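Novice: Sequence:
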Amino acid sequence: AVALIMPTLGPGLRIPTVSAQSTGGWQVLKVFTTSVTAAAGSAEGPWLVATKAGVYGSPDGREFTRLSSSLDTLNVRTAAVLSSGRWFLGTDGDGLYSSVDGGLSWKQDTSLDCVNIAHVRPDQYREQGLFVASLCHGLYYSDDAGRSWKGMGKGIGPFFVTDVVQAGANVLVVSTRDKGLYRSTDG
Numbered sequence: 129a130v131a132l133i134m135p136t137l138g139p140g141l142r143i144p145t146v147s148a149q150s151t152g153g154w155q156v157l158k159v160f161t162t163s164v165t166a167a168a169g170s171a172e173g174p175w176l177v178a179t180k181a182g183v184y185g186s187p188d189g190r191e192f193t194r195l196s197s198s199l200d201t202l203n204v205r206t207a208a209v210l211s212s213g214r215w216f217l218g219t220d221g222d223g224l225y226s227s228v229d230g231g232l233s234w235k236q237d238t239s240l241d242c243v244n245i246a247h248v249r250p251d252q253y254r255e256q257g258l259f260v261a262s263l264c265h266g267l268y269y270s271d272d273a274g275r276s277w278k279g280m281g282k283g284i285g286p287f288f289v290t291d292v293v294q295a296g297a298n299v300l301v302v303s304t305r306d307k308g309l310y311r312s313t314d315g
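Just so we're aligned: 283 in the numbering used here is position 155 of the sequence shown, and the numbers increase by one with no gaps anywhere.
No lab work stands behind these hints, which were simulated from the structure alone.
As the structure is a computational prediction, the values presented were derived from the model and not from experiment.
Incorrect hints may have been included.
Capping the alpha-carbon separation at 25 Å, the derived lysine-lysine pairs in BS3-like fashion look like this [claimed, not checked]:
1. Lys158 to Lys180
2. Lys307 to Lys235
3. Lys235 to Lys278
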């Protein structure tokens, strides 16, 4: 279990903090002031974390810096970090946002014509590849790190795609809000 430590600041004043010790093999990376809604990164970094009160970035998962305050009002549902350095936030109500400079600046991507993004997933087999499961027009794919998009909904129609999983190099599985689970073997 993670230990709760209550340091004293004066008579009757204590600040709760969490120790980094865990009996289950887990290590606390950061405790935020409100719930975490999305996180993306790799063991060596970088990390992108969205909370109900803002978005944070870290080059290594140790020190987190609050990113642009313009992101504070977004309802972030999903995050992704590509090895090329591009960062993505998918929101419920404001669409897809991307950053090419480590989160210093963000741009809303309106080319998807969708404001409800369920998941953003990097392609495990193509470095610049990225999937977007949308609750508007289905599944999208970018082979150029999010600079352009193409619809991948042939056969599943315009259903609300809630998630996408790569089950192999050319095997995709998508879940939909309306019709269930679909598998494609032609990538």
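Novice: If a hint holds in the structure, say so; if it doesn't, say that too.
Specialist: Here is what the structure says about each hint:
1. Between Lys158 and Lys180 the alpha-carbon distance is near 15 Å, which keeps this suggested pair within the 25 Å criterion.
2. Between the alpha carbons of Lys307 and Lys235 the distance comes to roughly 32 Å, so the proposed pair goes past 25 Å and is violated.
3. Proposed proximity of Lys235 and Lys278 is supported: the alpha carbons are some 19 Å apart, at most 25 Å.
Hint violations for this structure: number 2 only, all remaining hints satisfied.
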